[in-house]
Amino acid sequence: MKKSHIFILVIIAVAIGVIITTAGDSSTYVGFTDAYQLASSGSTREIHVVGELKKDNSGQVIGIQTGADRVSFSFIMVDDQGKEQTVQYNQPMPTDFLRSEKVVVVGSYKGGNFIASKILLKCPSKYQEEKVNA
Amino acid sequence: MMHYFVGNLGHLFVITSFVSALVAVFAYYKATVSADVQQKNAWLLNGKIGFYVHAAAVLGICVTLFVIISNHYFEYHYAYNYSDKKLPTYYLISTFWNGQEGSFMLWMIWQALIGLILIHTNKFWEAPVMTVFALVQAFLASMILGVVIPGLEIKIGSSPFILLREALQNAPIFKSQPEFIPPDGNGLNPLLQNYWMVIHPPTLFLGFALTLVPFSFCMAGLWIRKYKEWVRPALPWALLGGAILGLGILMGGYWAYETLNFGGYWNWDPVENAVYVPWLILVASIHTMITYKNSESALKASIILVITVFILILYSTFLTRSGILGESSVHSFTDLGLSGQLLLYLLFFTLAAIILSIIRWKEIPTTDNEIATYSREFWVFIGVMVLCMMGFQVIVETSKPVFNAISRLFGGEGNMAPKPDAIVFYSMFQLWFAVALALLSAVGQFFWWKKIDRRELMKELLVPFLITLLLFVIIIQLIHFQFGLNTERVVPYLIILFAGIFTITANAKILFSLLKSSPGLSGGAIAHIGVGMMLIGIMLSSGYSKVVSLNNTGMLISKEFSEEFNRDNLLLFVNQPRTMWGYEIEYLGERLEPRHHAGFIRKSDVNVTPDKDQVVAKKDILLNGKKVFAAQDTIAILGENTFFEIELRKNNKRYTLYPRAQINPDMGGLLASPDIYRTVSADLYTHVSSVMNPSEDHDWNELEEIKTRLNHEFFANDYVTVLEAVDRVQTVEGVSLSDQDVAVKATIRVKGERGDYVAEPIFLIKNKMVGRIPDEVNDLGLRFILMNIHPETNEFTLGINTRQKDWVVIKAMEKPYINVLWIGTLVLMTGFSLAMVRRFREFKKMKEKGLE
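Going down the list, the protein sequences come from chains A and B. Residue numbers for the first sequence follow this note's numbering, beginning at 5 and rising by one. Residue numbers for the second sequence follow this note's numbering, beginning at 200 and rising by one.
One thing to keep in mind: the hints can contain errors.
Pulled a few chain B residues facing chain A out of the computed Cβ check, cut under 8 Å [what the hints assert, rightly or not]:
id, residue
1, C261
2, L550
3, I553
4, S556
5, M588
6, P619
7, V623
8, L870
9, D874
Bear in mind the hints are in silico, worked out from the structure with no lab data behind them. For clarity, every value in this text was computed on a predicted model and none was experimentally measured. C-beta atoms are modelled at their ideal positions from N, C-alpha and C, and glycine is treated no differently.
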């Protein structure tokens, strides 16, 4: 066996290792019900939940509360299965949060509360904005 | 009045740039394939004209857009959305690339400039290289075309020149008033109003543009069967690209460190990764190209890597702009509806490059020699592979949303979420790869400059190894003494430290011998020393970073906060010193930032107005010891920013920190930015973590009434206070006065610990009713009310309220030896630049010989 073959084998082994660790123990997007079950079964791992902000009939976002320290806030999120949950976030509201059409929260349950450590947004095309500050 | 002309002109420039790029592609293609010299020259001239027109049009686009922005034509969507009238010129420039369209233009103008340089410097390669160049430019121009194909209803590109009413077609105001022009724009995101954001994007896009040059030479080489010759002209550009792209990444990291409050310079966010991976592969390709130049091996590897770099640049453009990262990145761009076009751009060049390589693969010369273990090629090759693995590991994880999308395309579930603890996950791999790189570059350098066997290698390495051991022991002792060795992760840290020192000493030995013989060749050794320094800097600043703002009062800040928050944060009241990090620390109050002057003004010295960007001085205001504003002057400020002046004292020395809180209605809350106190051995990184709510009413203590005369001293909450004047005023903010009404303003001067304060309460009689408008001295927690006037005795009754003093909660972290990281990156860039200078000299020689 030539040295270059050994070399290539090592590279392939490392590459496979990388792929396995990336895919392995990879969390998936879940709903709040599953997330709650995970947490009550003792898992403290962070989970990704996808959903939307709760809105009233006229499309206004409702249920936003600013925290006592003013650099945190909480909001009501509806996951893809339609379950509502109050989510707490220990940081200020991200840009365009209220305009987002989809929200991903990364975090875990502590008691009955979902504490997000990260919020990711999917924003609509900015061309849909319909407000002009006259 | 609507300014239609300038927008139409801009649009014309866009179309011209697109068409002329296509013309240049065609002409240069013809020039490459024509055998006849005369025809070739004719086509070459056409191509050149085409590209010149294109470059002029691109310049025209940029100038036109800048005219729209700088003249505040808010009828245009771009100006309205990203700028406002208050922005200073240098931020108007950054408005330019705030939108995606502008950043495409930035990319185009750099590439147009580089194209012009290539046309004028390299006659031999002009035709085939510029064919590739112009084709890329045509793709980029199509991104801002903004043309709808009739019949198909397919929109190509998103134009920066659309009017606001075209962008917001459903806005009711345009239905009634089509000619409506908003009086002011939305403004630039305050977070981006930072000098780094003025220079970081152009640097990054210059780096992007530079990667096109080696790619074009490589493609041209394959195309015209000059399989070896393309490497020479491509190399200096690749080196320049490596330096500039690296610098751009560094600037981004430095901006994050200075502006965002997550406490670091690198967050492994997909947007960051999308630039980091191409840079790694670019560095790898530089190594194979240099190896090829020296020993005729690694040509195929160079071709593969150079192509990969450019494709990765296109891939990262696709990732960040198509909106696909929406569910995994904190700051990916919004989707402009260009995903399809971006995908086409990516796939076109990927397929074209792969197909061309496959067709020509058999013809590419190779060496059959087995690589010997004690040859430099072997070591460089392992290093290159490690770089590729680093890139591979990052791109696999970053691409999860793409895998999801592909899986969904084939009916799969596509539900893979990114790792929640990205930093731990990436660092685990990247650090060990980096250690391998450091060790390889230490050993490899000796092979590079000499043909040696194992015995000689041991001899050569002995001295650096011993020096490394010595330094290693000394530094461990220092770390132990300064921070205490972290037992939990001590083994990895020691290995990183050792690898870093080893690569520095080994490369330093090479550097010294090179400096004696041929200093021009020292770029490589210097760059490797930079890498070693970066490694040590990262290990020390991140591994030994610790919170120093520990709550040492024994009391909770608030029961509403978490245990961790109460432990790691310090509550500071105005003028009440505490101790932290061996310093006496004291909060002095809220400060505002004047727009047109350097320095800060006390919030207590001004009255606010309805315009958040304007305040009125209550007294003469000094900045840096000079009187800048007189009492009653209106001062333009940056209204969204509040600074918190915090003084550190030790051994009679004083340092002042101004951490910032930005009130950003878009962000629904407060955005804290740190201030960094730099010492040689560590940075003190401080940001506010909780502040008082300005809209909340304070709890005032019981009113104390004092009867006094003008210019008589009295005490208000133990501060010496004087009523200086009582004057009749004609206007009162927020109150309409008629002829019968009377308003009187008192001027009260309070002598605080740090200078005087002025309070101006107002007493008024309106419609025969008494009204009293109190005034506050925030820094002292004092409020004055002019209760009553006794003309018969020339006396006045003042009401004085006190309250809890103003406070702020801060968090501070120590980042030891972070300067080693910054210096290391600069050393790395210097190495790149030296290597580049050397390669450009080579090119000059070739040109003088008439070979290129």
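Which of the numbered hints above does this structure break?
-> Hint check: 1, 2, 3, 4, 7, 9 fail, others pass.
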